[in-house]
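So the sequence lines, in the order shown, correspond to chains A and B. The opening residue of the first sequence carries number 1 in the numbering used here; numbering runs sequentially from there. The opening residue of the second sequence carries number 1 in the numbering used here; numbering runs sequentially from there.
Since the hints were derived computationally from the structure, they do not count as laboratory data. Do not rely on the hints blindly, as some may be mistaken.
Which copy? The list can't say, so a pair holds if one copy fits it or any two copies do.
Claimed, not checked - Okay, derived cross-link-like pairs now, DSSO-like style, lysine-lysine, Cα gap no bigger than 27 Å in a straight line:
1. Lys69 / Lys100
2. Lys100 / Lys81
3. Lys66 / Lys81
4. Lys65 / Lys81
5. Lys124 / Lys100
6. Lys124 / Lys65
7. Lys69 / Lys81
8. Lys124 / Lys66
The primary structure of each chain is shown beneath.
2 protein chains.
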Amino acid sequence: MRKALRAVGAFPILNHMLQYSDRLDRTFAAVADPTRRGILERLGRSDASITDLASAFDMTLTGMKKHVKILEESGLVTTEKVGRVRTCRVGPLRLDEETKWIGMYQEMLESRLTALEEFLERTKGRTR
Amino acid sequence: MRKALRAVGAFPILNHMLQYSDRLDRTFAAVADPTRRGILERLGRSDASITDLASAFDMTLTGMKKHVKILEESGLVTTEKVGRVRTCRVGPLRLDEETKWIGMYQEMLESRLTALEEFLERTKGRTR
């Protein structure tokens, strides 16, 4: 790990990208599953109990609880138990850091492609 | 699955969010790993062979090959074998769809929170 960090040490922007890695691990893994993205979309319409969600996605309560737990641990969903019913709600995580990481990746990709183009231009110039 | 799709049927925007799910599954899972994010960051500086990457991240060639394969299958990295050396390069995937999905999620979250606030305001008005 120290070696991996050293490898990008010269780039402050990249260190920043690594900084949030625990969080990014959790959130990206949470939204990498189609059922979990579906749950977020469903909760965007209204709050729902675990039972509602299990029924909407044709799953067992146990299976749904696992998905909700992953979403809750990543901060994408909060739950509240009143009596015997656990109600799920979207938020509070807004995924801003995730957008930021992707944005920085896109900038880096852009500058890398520009560098390659410039290299190809120079090479072309030399062979003329 | 049909049931899950029906659950969001009334919301065209959400159907759009589901549309790319195979791709989103792959890309979000690909960037959910700190080593793979590190590889992308490293390749943003310059192309590198599998051997370079394995050494930079203190991994075996076999381990690095697995990470590169996942990045390649998701379109985040391309590789080219010349002689005995396989060179890795960032791109071509720009993660635009991923940003779009997150953006739509954020809009949905925003409108959900607004709806909850309005509900609370109305409730407060009634109890006065």
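*Between lysine 100 and lysine 81, at a C-alpha cutoff of 27 Å, which is it: within one copy, between copies, both, or neither?*
neither (33 Å within a copy, 33 Å between copies)
*Homo-oligomer pair classification [lysine 100, lysine 69; C-alpha up to 27 Å]*: So lysine 69 and lysine 100 pass the 27 Å test inside a copy (25 Å) and across (25 Å) alike.
*Homomeric proximity label, lysine 66 with lysine 81: Cα distance no greater than 27 Å*: within (16 Å within a copy, 42 Å between copies)
*Between lysine 69 and lysine 81, at a C-alpha cutoff of 27 Å, which is it: within one copy, between copies, both, or neither?*
within (13 Å within a copy, 43 Å between copies)
*Pop the pair lysine 124 and lysine 100 into one bin, within, between, both or neither, using alpha-carbon distances up to 27 Å.*
neither (36 Å within a copy, 37 Å between copies)
_Intra/inter-copy verdict for lysine 65 and lysine 81 if alpha-carbon distance must be at most 27 Å_ = within (13 Å within a copy, 45 Å between copies)
*Pop the pair lysine 124 and lysine 65 into one bin, within, between, both or neither, using alpha-carbon distances up to 27 Å.*
This pair counts as neither: shortest intra-copy Cα distance 59 Å, inter-copy 33 Å.
*Is the C-alpha distance from lysine 124 to lysine 66 at most 27 Å within one copy, between copies, in both cases, or in neither?*
Classified as neither: same-chain Cα gap 57 Å, cross-chain 36 Å, threshold 27 Å.
Hints 2, 5, 6, 8, counting from the list given before, are not met by this structure.
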